[in-house]
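Undergrad: Chains C and U are the protein sequences, given in the same order. Taking the working numbering, the leading residue of the first sequence gets 1, the next gets one more, and so forth. Taking the working numbering, the leading residue of the second sequence gets 1001, the next gets one more, and so forth.
Keep in mind that the hints were calculated from the coordinates and are not lab data. Predicted model, so just to flag it, every value in this text is computed and none were measured. Where a beta carbon is used, it is the ideal one built from N, C-alpha and C, also for glycine. Hints are not guaranteed to be accurate.
In the EDC-like style, the derived pairs of lysine to aspartate or glutamate whose C-alpha atoms are separated by at most 20 Å in a straight line are [as the list claims (entries may be wrong)]:
1) C/Lys247 / C/Glu232
2) U/Lys1401 / U/Asp1367
3) U/Lys1401 / C/Asp51
4) C/Lys247 / C/Asp267
5) C/Lys247 / C/Asp311
6) C/Lys172 / C/Asp160
7) C/Lys247 / U/Asp1314
8) C/Lys339 / C/Glu203
9) C/Lys247 / U/Glu1490
10) C/Lys265 / U/Glu1463
11) U/Lys1401 / C/Asp267
12) C/Lys265 / C/Asp306
13) C/Lys265 / C/Asp311
14) U/Lys1401 / C/Asp229
15) C/Lys265 / U/Asp1462
16) C/Lys199 / C/Asp306
17) C/Lys265 / U/Glu1421
18) C/Lys202 / C/Asp58
19) C/Lys265 / U/Glu1490
20) U/Lys1401 / C/Asp311
21) U/Lys1401 / U/Glu1421
22) C/Lys247 / U/Glu1492
23) C/Lys247 / U/Glu1428
24) U/Lys1028 / U/Glu1045
Stretches of chain C that chain U covers, calculated by requiring three or more beta carbons in the stretch to come under 8 Å of a beta carbon on chain U [to be verified]:
25) 29-36
26) 74-83
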Amino acid sequence: MPSLRPVSAEEIESLAIGAWILGTGGGGSPYLALLNMRALYREGAVVSLMDPMDLADDDHVAVVSNMGAPLVGQERLTDPRTIARAVTMMEDYLGRQFRAIMSLEIGGGNAIQPFMAAALLDRPVVDADCMGRAFPEAQMTSFAIHDLPMFPLTLVDVRDNAIVVARAASWKWMERLSRTACVAVGSIAATCKAPRTGKEVKECAILYSTSKAIRIGRTVQAARRAHRDPIEALVEAEHGQMLFTGKIGDVARRATEGFLRGTAKVDGLGEFRGHRFELAFQNEFAVGWLDGVPRVTTPDLICVLDSVSGDAIGTETLRYGQRVSVIALPAPPVLLTPKGLEHVGPRAFGYDLEFTSVFA
Amino acid sequence: MRRIGIDVGGTNTDAVLLDGTTVVRAVKTPTTADVTTGITTALRELLTPTQPSHPGPAPPAAAAIMIGTTHFTNAVVQRRDLTRVAAIRIGLPASASLPPFVDWPEDLAALVRGEVFMVEGGHEYDGRPIVPLDERAVRDAARRLRAAGLTSAAVASVFSPLNAECEERAAAILREECPDVAVTLSHQLGRIGLLERENAALLNAALVDLARRTTRAFTEALRASGLTAPLYLTQNDGTVMLAATAEAFPVYGFASGPTNSMRGAAFLSGLADAIVIDVGGTTTDIGSLRHGFPREANSVVEVGGVRTLFRMPDLLSLGLGGGSLVHGDPPAVGPRSVGYRLVNEGRVFGGATLTATDVAVAAGLVDLGDRRRVADLPGDLVKAALARMHATIEEGVDRMKTDAREEPLIAVGGGCFLVPERLAGVSEVVHVPHQAVANAVGAAIAQVSGEVDQIFQNLSRDEALAQGRRIAEQRAVAAGATAASLSVVESEDLPLAYLPGNSLRVRVRVVGDL
């Protein structure tokens, strides 16, 4: 019998904080998903977390995510029924039931999407994802790096639109097809990605990332309670690096092809006074320059945090005058392989830069 | 230049006459139930020369009158004088699982939530409708809210900051069906973020009645005092708005009390970095002063437990003040307060209600009223109540500190005698002259702002921002700012992909000295 651990309401709160930090600016704020979870827990729901090693090789696992621009999510909000519909639609299409549900990306609101579906469908959530953070595109996953098949995919919106992408010639094509559908329905949609077997999850997923997000959230909460600097506590506990502290000076954004792209400039404060840090983002922070010199690039996790509370700040909520700290957290090893870097290195985001980890 | 700053608190109405950087005169009078009498009294005391027979030229008249008030925040924090509102959310089928009031504290929602309507409509990020606005449902909502006797409504539509059509159309339907209902539209108050913008609109709608009554009382008081200078109301960011504009948007003045008090404390103490504690009659606000300005909350600010997206000082508000009720055994203090009735209901003033002030008088911390009236208070009770208050204050100061190092604490406000002289984490408790009227000083030194929120086409981003800035500066100058003193406090742009010609929505806010 697989060991299922009930996740408490408090752990869901920690998960929201930790997932937002792992979102590296994207993935959408988990707040709305958290509100939905609070409502579901008030109604008596309790979701269980499943150790991925307890999956049978031939179990079927649903991989879910809310896809689109975070900015749109802030207006359209999020509804558990939508993500649950994406899962049941895939079950109808395949003609078989999923053993459990997992997250595509542990960063941002998508960490909680499987919990919303799980609460409505009474299935466990697998303690894993396939990014270990958040990324903007479908081929930027450990499953893609392992060359697993990328279809089928179901996509539903809040109206009564639903799409099955039955086949796709490549991950890029899957990204193109699903992204086009997503933009057509308003740049936000619930998706159930290519189903995975238990074996695939055990071999190719990024394991225990759900518990990692909960742990990060707990670290920040504990530091706040103890009046310790939550950012320092986080950097220490997760072996991260402090890159810059300052005040947001300018933010430029543009919404293109369903992404939120742009740049933000941070003027240094304290020991960084007189220096400037520049961030480029495509939903998530992709590159950071210190005084014009590349300092950090994806796939290292670039996290911009409120200097006081340690809360993550998303690319869509960056504002002039905010006091922020920029830190780096280590990326999952699979993303650092040559194959991994092809998928998620700086060149995958259009920056002609060699990847050098700040942790190297 | 001479300016009059007035702070209308829940308990006291303070007024100062400022000439340049000198406090010429300061008075403190009780706030009255009608508001007007308190202000008239304060102005009379302020403007009557100390030596009526003193020869010499009459002082120049004040060029501007600035009023700041904590009325609206107090109403939310204390859950009183709030109007029950109808919430109209336009956005179905999106957003259904998180209805209006979803993240409000239950006690406040119970007071404010009248009817909740969710109807189909709203826009996509690119300006297309999600689904057409269900006008029949809006009309039906209008009839039902009228039948329910509601007088104020808040309308929030998905993506209204980019396209306000649905909200405007709903407002038109409301005007047809129930012309007497005050309507707050979310796009006038906030930006992207449906729940936070809707929350701001709901709070505003709950306060418009009170704001209208209060602003009229202010105007009446000035007229009765024979003052003709323009009346400004102070805003959250330390700037002022003409009263006629301000009365429709009470939420803009939400944090003006504490902002004024902190700016006043910085002005009076000469300290630029410190923790400031302002103990009023009803509430205590604790904030952090950095470079002479309140440290701002980064993004989401809670007002009375409700999430909003206003730019506000990062403040901790406690339900503790000079008028707080002391009750129970062991004694609890606040959050209920006798407020402005302290001078009638407090024990030392001859009343029957035991307040924090009475305890402080009994303990010899301050000399107010008749201390013989509290001579019978058991020593244990006084000690326990004081210990309770000190613990509350100490914990609050600790929560607002972001640094383990000791910092100075500037204690201001009419109830600052409740602040102990020694606190953990505090290097010294600083008292300043005119501390009791720091917020009136902060109001008097408030600056004016000019704002633009406009769509520019066929311009580069830099050109659009520069043009926005020029317009905002012109508006600030038109509102009375000196051109040399202008600086940009907010500059934001949002691309609008759906309009032809590379459209950019630009919002710029500049401030300057009057």
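Undergrad: Take a quick look at whether C/Lys265 and C/Asp306 sit within 20 Å of each other, Cα to Cα.
TA: Holds: C/Lys265 and C/Asp306 sit about 15 Å apart, inside 20 Å.
Undergrad: Has the given pair, U/Lys1401 with C/Asp51, been kept, meaning a C-alpha gap of at most 20 Å?
TA: 41 Å, violated
Undergrad: Between the alpha carbons of C/Lys202 and C/Asp58, is the straight-line distance 20 Å or under?
TA: With Cα atoms ~11 Å apart, C/Lys202 and C/Asp58 stay inside 20 Å; holds.
Undergrad: For the pair supplied as a hint, C/Lys265 and U/Asp1462, is the alpha-carbon distance within the 20 Å limit?
TA: 15 Å, holds
Undergrad: When you check the alpha-carbon spacing of C/Lys339 and C/Glu203, does it fall within 20 Å?
TA: 16 Å, holds
Undergrad: Count residues of the segment 29-36 of chain C with a Cβ under 8 Å from any Cβ of chain U, then say if the count reaches three.
TA: Per the Cβ count (3), the hint holds.
Undergrad: Are U/Lys1401 and U/Glu1421 close enough, with their CA atoms no more than 20 Å apart?
TA: 17 Å, holds
Undergrad: Sort out whether C/Asp160 lies within 20 Å of C/Lys172, counting only the CA atoms.
TA: Judged against 20 Å, a Cα distance of about 27 Å means the pair is violated.
Undergrad: Mind checking the alpha carbons of C/Lys247 and C/Asp311 for me, to see if they're no more than 20 Å apart?
TA: Holds: C/Lys247 and C/Asp311 sit about 15 Å apart, inside 20 Å.
Undergrad: For the pair supplied as a hint, C/Lys199 and C/Asp306, confirm whether the alpha-carbon distance does not exceed 20 Å.
TA: Violated: C/Lys199 and C/Asp306 sit about 40 Å apart, past 20 Å.
Undergrad: For the pair supplied as a hint, U/Lys1401 and U/Asp1367, confirm whether the alpha-carbon distance does not exceed 20 Å.
TA: At roughly 31 Å apart (the allowed maximum being 20 Å), U/Asp1367 and U/Lys1401 break the hint.
Undergrad: Between C/Lys265 and C/Asp311, does the CA-CA distance stay at or below 20 Å?
TA: Holds, because 19 Å separates the two Cα atoms, which is no more than 20 Å.
When held up to the earlier numbered hints, the structure conflicts with 2, 3, 6, 11, 16, 17 and 23 and fits the remainder.
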